[in-house]
Structure formats: structure tokens, C-alpha cells
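Asks: Following the hints, put chain B in place on chain A, whose structure we already have.
Chains A and B, in that order, give the protein sequences. Just so you know, we're using my numbering here: the first sequence kicks off at 1 and counts up by one. Just so you know, we're using my numbering here: the second sequence kicks off at 1 and counts up by one.
Accuracy of the hints is not assured; some may be wrong.
[Said to hold, decoys possible] Example chain A residues on the side facing chain B (calculated, C-beta under 8 Å, incomplete):
no., residue
1, Ile11
2, Gly14
3, Gly33
4, Val35
5, Val77
6, Ser80
7, Ile81
8, Phe82
9, Asp84
10, Cys85
11, Thr98
12, Cys101
13, His102
14, Thr103
15, Arg111
16, Trp113
[As the list claims (entries may be wrong)] Below are the DSS-like pairs computed for lysine-lysine, each with C-alpha atoms no more than 30 Å apart in a straight line:
no., chain 1, residue 1, chain 2, residue 2
17, A, Lys118, B, Lys43
18, A, Lys118, B, Lys123
19, B, Lys123, A, Lys31
20, A, Lys93, B, Lys16
21, B, Lys79, B, Lys16
22, B, Lys123, A, Lys16
23, B, Lys93, A, Lys93
24, A, Lys31, A, Lys53
25, B, Lys93, A, Lys118
26, A, Lys118, B, Lys118
27, A, Lys16, B, Lys43
28, B, Lys16, A, Lys16
29, B, Lys43, A, Lys63
30, A, Lys79, B, Lys31
31, A, Lys123, B, Lys79
32, B, Lys123, B, Lys63
33, B, Lys31, B, Lys93
34, B, Lys63, A, Lys79
35, A, Lys93, B, Lys53
36, A, Lys118, B, Lys79
37, B, Lys53, A, Lys63
38, B, Lys118, A, Lys79
39, B, Lys93, A, Lys123
40, A, Lys93, B, Lys118
No wet-lab data here; the hints were simulated from the structure. Cβ atoms here follow ideal geometry from the backbone N, Cα and C, with glycine treated the same way.
Residue-level listing of the chains:
There are 2 protein chains.
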Amino acid sequence: MSDSSAGSDAIFEGIKWDGQGLIPVVVQDEKAGDVVMVAYMNKEALALTQETKRAHYYSRSRKKLWLKGETSGHFQVVKSIFLDCDGDTLLLKVDQTTAACHTGYWSCFYRMWDNTWKPVGEKVFDEHAVYGDRT
Amino acid sequence: MSDSSAGSDAIFEGIKWDGQGLIPVVVQDEKAGDVVMVAYMNKEALALTQETKRAHYYSRSRKKLWLKGETSGHFQVVKSIFLDCDGDTLLLKVDQTTAACHTGYWSCFYRMWDNTWKPVGEKVFDEHAVYGDRT
Chain A
1 MSDSSAGSDA IFEGIKWDGQ GLIPVVVQDE KAGDVVMVAY MNKEALALTQ
51 ETKRAHYYSR SRKKLWLKGE TSGHFQVVKS IFLDCDGDTL LLKVDQTTAA
101 CHTGYWSCFY RMWDNTWKPV GEKVFDEHAV YGDRT
Chain B
1 MSDSSAGSDA IFEGIKWDGQ GLIPVVVQDE KAGDVVMVAY MNKEALALTQ
51 ETKRAHYYSR SRKKLWLKGE TSGHFQVVKS IFLDCDGDTL LLKVDQTTAA
101 CHTGYWSCFY RMWDNTWKPV GEKVFDEHAV YGDRT
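Looking at chain A on its own, in the form it has when it is part of the complex (with noise of 0.2 Å):
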């Protein structure tokens, strides 16, 4: 066990992880109320956001630990940490600085089924100036 998991394995109790050892973990602007991103967690991320209060996640596919906001900036402060009923979802209620989503929208879920996905709302940010030209 990492030093950064220490006396906080209580909070894995109830917690069933899936057969990659991962959770899904639903983030909500605590303030807007919108719902932001979904992205998973192993124990090691867990553990590092209920100490730092840093929302940290597992990257399915770079494999690896990951600082939501390490690259952009953009980090969420957790002011609360939900179970569900069968104990295989997170809710995390955050504080989002400047937004979530990676493409400059300040939710991952910008495109709303009307006959295509249409983007809505407005981009907050420049991905292009936080992330690089990324391809």
C-alpha cells in the first residue's frame, strides 16, 4: 500500500469494483448542479482524492493515475463523496474551476439528441491554448 492510501481503507468498504479493479465516478458542479464528466477511479485514486481533495482519476486508456486538472488547470475541489445502492457508482458533488471537459465545454455532456447530437451551450475556454495541439 502507497503511503498516499494510509488509514483511509475504511471508505473501501461497500465499494464493489468492477473486474478491472475501477469504479464509475459521476461528477457534479455542486453550485450549477450540472452534471460535468463520468470517469473512473481504482482504489489508489480514491484514496488520493478523499486525502488531497482533489478529484483524481484512473485513465482506462493511458493506464494510468491521473490529477484531473494537472494538464489544464482546471481542478475540482470535492466537497462530497456519494455511494450508491448497490455500491458500484460514485457521485462526487465538486467545485469545478473553469470547466470540465477537455474540447473548452464547461460539461462533457454538451450535445443533447435533438434528430443529431447538437452541441449546446457555449465553449469556455480554448482547448487548443490549455491543451496544445493535441491530435
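Replies: The following block gives chain B in isolation, referenced to the frame of chain A:
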């Protein structure tokens, strides 16, 4: 293709189904703003949801299509459907009848971390009266 999904294929565009042909769905009560549950849809469930405006899911444990409210009467009238930036998660904004959780709580996320997973909020219905004494 079943009749129920006839003509509704456009909504599938841009959706990345997981290895089991499913997509996680975050459900938010539009009026209250609360995240009330997370469930999974397959293509048939999404097509039926779009067609009927009543949320349908695919139960991973029972391995079958499921109309939310079919037993309890606690239907979800779908107001809008959002897709996230990666195309791998949906968000439904709904009008939730009575309560979302089979435990009797309004939201499935009724346990908040406070040194233990502490139930918060109040039960709004008696789950034994609604579902019977299933064990």
C-alpha cells in the same frame, strides 16, 4: 432489428458501446437537479427510450431489457438526452416519479462519506410494500 427501434438508428451515431454492447447512463431529475441513479442501456433500450419517452435500461444482473417503473410504478419521463465528449456515456434528464431507488430513497446515491458511508435524506416509500419481500 425489432419494430421498436425502426427509424431510430440515427441516435446510435457517435455512440461507443462497450464490449458487452452497453453504455452507462447517468440519470438526473430535471426539476430537483439530483443525480438519482446510473444504469446501462443497450441499443434496444435506447431506441425504446427515445420512442416512448420512458426510460428503459438493460439489466446486467438479470440480463434483460427493463422498463424503469414496470414493477414499482416509478417511471422516468425523459425530457432530454445528452452524449458526452467521448461518446461513451449518456445523461438523461427526467421527471422521476416518487423515487428512483429500489431501497425507498429518492436517489440511489443516498450514502455520503463521513468517516463511514452514512445514509442521508429520508426514505420516501416502503420498499417492501412496493416490491414485496424479495431477498
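Asks: Does Lys93/B pair with Lys93/A here, judged by a C-alpha cut-off of 30 Å?
Replies: Answer holds: Lys93/B to Lys93/A is near 18 Å, not above 30 Å.
Asks: Holds or violated: Lys63/B with Lys79/A, Cα cutoff 30 Å?
Replies: violated (36 Å)
Asks: Regarding the pair Lys79/A and Lys31/B, is the alpha-carbon distance no greater than 30 Å?
Replies: Holds, at roughly 22 Å.
Asks: Verify the proposed pairing of Lys31/A with Lys53/A, using a straight-line Cα cut of 30 Å.
Replies: holds (17 Å)
Asks: Tell me if the straight-line CA distance from Lys93/B to Lys123/A falls inside 30 Å.
Replies: Within the cut-off at roughly 21 Å; holds.
Asks: Hey, Lys123/B versus Lys63/B, does the alpha-carbon distance stay inside 30 Å?
Replies: Satisfied, since the Cα-Cα distance of roughly 28 Å is no more than 30 Å.
Asks: CA of Lys118/A to CA of Lys123/B, is that 30 Å or under?
Replies: violated (37 Å)
Asks: Once the shortest beta carbon distance from Trp113/A to chain B is found, is it less than 8 Å?
Replies: It holds, given that the least Cβ distance between Trp113/A and chain B is near 4 Å, below 8 Å.
Asks: Tell me if the interface restraint on Gly14/A is satisfied: Cβ within less than 8 Å of some Cβ in chain B.
Replies: Holds: closest Cβ of chain B sits about 6 Å from Gly14/A, inside 8 Å.
Asks: Is the hinted pair Lys123/B and Lys31/A satisfied, with a Cα-Cα distance of at most 30 Å?
Replies: Judged against 30 Å, a Cα distance of about 25 Å means the pair holds.
Asks: Interface hint check: Ile11/A, Cβ to nearest Cβ on chain B, cutoff 8 Å. Holds or violated?
Replies: holds (6 Å)
Asks: Under the criterion of a CB-CB separation shorter than 8 Å, is Ser80/A in contact with chain B as hinted?
Replies: Holds, about 6 Å.
Consistency note: the structure conflicts with the earlier hints numbered 5, 11, 18, 26, 34 and 37.
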